[in-house]
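Trainee: Here are the chains, one letter per residue:
2 protein chains.
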Amino acid sequence: MSSATHDVLGIGNAIFDILVRTDDTFLTGHGMTKGAMALIDEARAAAIYAAMGPATEISGGSAANTIVGLADFGARAVYVGKVKDDQIGRMYSHDIRAAHVTFTTPAATDGPATGCSYILVTPDGERTMNTYLGAAQNLHPRDIDPGQVAASSIVYLEGYLWDPADAKAAFVKAAEIAHGAGRRVALTLSDAFCVGRYRDEFLELMRKSTVDLVFANAAELLALYPGSDFDGALAQLRRDVRSAVVTRSEKGCVVVAPDDVTAVPAFPVAEVVDTTGAGDLFAAGFLFGLVRGASPTICGRLGALAAAEIIQHLGARPQTSLKALAQKEGLPV
Amino acid sequence: MSSATHDVLGIGNAIFDILVRTDDTFLTGHGMTKGAMALIDEARAAAIYAAMGPATEISGGSAANTIVGLADFGARAVYVGKVKDDQIGRMYSHDIRAAHVTFTTPAATDGPATGCSYILVTPDGERTMNTYLGAAQNLHPRDIDPGQVAASSIVYLEGYLWDPADAKAAFVKAAEIAHGAGRRVALTLSDAFCVGRYRDEFLELMRKSTVDLVFANAAELLALYPGSDFDGALAQLRRDVRSAVVTRSEKGCVVVAPDDVTAVPAFPVAEVVDTTGAGDLFAAGFLFGLVRGASPTICGRLGALAAAEIIQHLGARPQTSLKALAQKEGLPV
Chain A
90 MSSATHDVLG IGNAIFDILV RTDDTFLTGH GMTKGAMALI DEARAAAIYA AMGPATEISG
150 GSAANTIVGL ADFGARAVYV GKVKDDQIGR MYSHDIRAAH VTFTTPAATD GPATGCSYIL
210 VTPDGERTMN TYLGAAQNLH PRDIDPGQVA ASSIVYLEGY LWDPADAKAA FVKAAEIAHG
270 AGRRVALTLS DAFCVGRYRD EFLELMRKST VDLVFANAAE LLALYPGSDF DGALAQLRRD
330 VRSAVVTRSE KGCVVVAPDD VTAVPAFPVA EVVDTTGAGD LFAAGFLFGL VRGASPTICG
390 RLGALAAAEI IQHLGARPQT SLKALAQKEG LPV
Chain B
90 MSSATHDVLG IGNAIFDILV RTDDTFLTGH GMTKGAMALI DEARAAAIYA AMGPATEISG
150 GSAANTIVGL ADFGARAVYV GKVKDDQIGR MYSHDIRAAH VTFTTPAATD GPATGCSYIL
210 VTPDGERTMN TYLGAAQNLH PRDIDPGQVA ASSIVYLEGY LWDPADAKAA FVKAAEIAHG
270 AGRRVALTLS DAFCVGRYRD EFLELMRKST VDLVFANAAE LLALYPGSDF DGALAQLRRD
330 VRSAVVTRSE KGCVVVAPDD VTAVPAFPVA EVVDTTGAGD LFAAGFLFGL VRGASPTICG
390 RLGALAAAEI IQHLGARPQT SLKALAQKEG LPV
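Sequence lines, in order, name chains A and B. Heads up: take any position in the first sequence, counting from 1, add 89, and you land on this note's numbering. Heads up: take any position in the second sequence, counting from 1, add 89, and you land on this note's numbering.
Extracted from the complex, chain A is given alone in its bound form (with noise of 0.2 Å):
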């Protein structure tokens, strides 16, 4: 196994976020799910945005909030997505590399035009997410780069990955390169319907190790092993996966480690504004913990942090240095 280049290379939807804060009347008015992320057409796309306030534009996209938050940690990061060569797409490009992130997937030319996400934040701090992937769907298997993969010692895949077409191949293939070169495979489970849609795909990804490590919320286990109480799905996801990390909100995460299984406390947070790309930045903290060769306990009170950074503020990039937040709280970095 040669050494690695890279330290993460994160693959998923690259989703332009438009955020706007509202009300809870305004998701109900409207049929949306609170908390969740629907898949939206054009048609509807428009529809949403007719009805919404004025909006606040932030790149976004989940897999690609986590690599630059293990950029913004000081690690070597590459993303590959797919945006459209239009005004969105350059910006949302300006924004990944500008972020130090080695962003090298080419912007398709022609088909739709890059893809967003209306995000509406209520004023409990949730958000409630439409995306019109856009762009995002015509990310193919040619777009992974193999040496790219092979040279990146953590291969980070998004759930939401299976939603469009072609993706699922680009996942599978940069997977059977990842371990083709001695590295890791990592997947987050997404949205919990995400996982209601891709159950069985998920879990056989999980037994057949395509995949060695997950980063799943309460509710995502909760989808994957339905009709199972919280420490019922726990003991399944032991099973059927090496390692996993199960984030708990306020109440912190639990580190699934081979051997033991490990609790570790959440950071207190003054104001919760925004919680959109929390689960995001808890895996880029994790992961970069990780990397480093950090204990899990490190490795969960790094994603902590790096959550408890983004959801003080509307977005869900960083705002403040996340490598001077973890050395002012005497975290390795």
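Because the hints were derived from the structure by calculation, they are not lab data. Among these hints, one or two may not hold up.
[Said to hold, decoys possible] Here are the simulated lysine to any residue pairs, SDA-like style, with alpha carbons at most 20 Å apart: (1) K417/A x P212/B; (2) K412/B x D112/A; (3) K412/A x D112/B; (4) K412/B x V109/A; (5) K412/A x V109/B; (6) K123/A x K417/A; (7) K412/A x G142/B; (8) K412/B x K412/A; (9) K412/A x P212/B; (10) K340/A x L292/A; (11) K412/B x G142/A; (12) K412/A x K417/B; (13) K417/B x K123/A; (14) K412/B x P212/A; (15) K412/B x R110/A; (16) K412/A x R110/B.
Starting from the structure of chain A, add chain B where the hints point.
Mentor: The following block gives chain B in isolation, referenced to the frame of chain A:
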């Protein structure tokens, strides 16, 4: 004089803000004058953007920010400004209409892209703007709807309109229609360097009573009367224009009426995050007081309140209801 169906109609350069937090060395390294607005061409825009960190995008434009603030207070507000029918122009149009502003200026279907300002925000909260006018250059007198102008109690114009070639003619046309209908015309001097470029023309607008009310900050006032100190410049301003308001940041403002001068204090602010839009939102509050027939002191307090809201977060569009803030402070809305 028929009864007005709009309170304030604002005309300005429609500009999408691309905001980034940076440090002073970035400004000096790129030859920028801190706190100023510099006009840039496409090549310079590309160079600055390539060097900038990850950004946040929020609709802007000086007069547009004022008009959105007015609508937020509850005024019937109209905006006239030129975007292109591109992705950014469509976001811009969405944002201003979603703020309950009447916006009917046709978007350009060809020519340059929607204008953008690359705004660097330093740790002290000061903003330095680099504006690519783009489609805003093509605002033309035919974009002025005479009926809409005549039906507006106040026409509000930004000094920045002197930069694009045809916008000046649109400005003068609107002022003539407004006065013909017995309405008032207000002008903001926009920027000290803008005043430097057009001092004689701005003085002529004032002395010929093309404008009835002038908004300026202290730097703009001193640029209008070079060689004078603040008090000397204020005395000249009183001779040159019927009414004026001079803002002095944390020192509050001075309201100049034909018969007297009133000093009004600022609102205390916990932390200045980003001064982008401070003057624009001051004008929003002040004009709102004016259309409601409030005293100079109340007008100044409403302006100070709106300015205080806008400088406590990134971007020049309100994030909190200005109407609710004013009610909380016991100000009439």
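Trainee: Among all the numbered hints in the text so far, which are the ones the structure does not match?
Mentor: Structure breaks hints 6, 8, 10, 12, 13.
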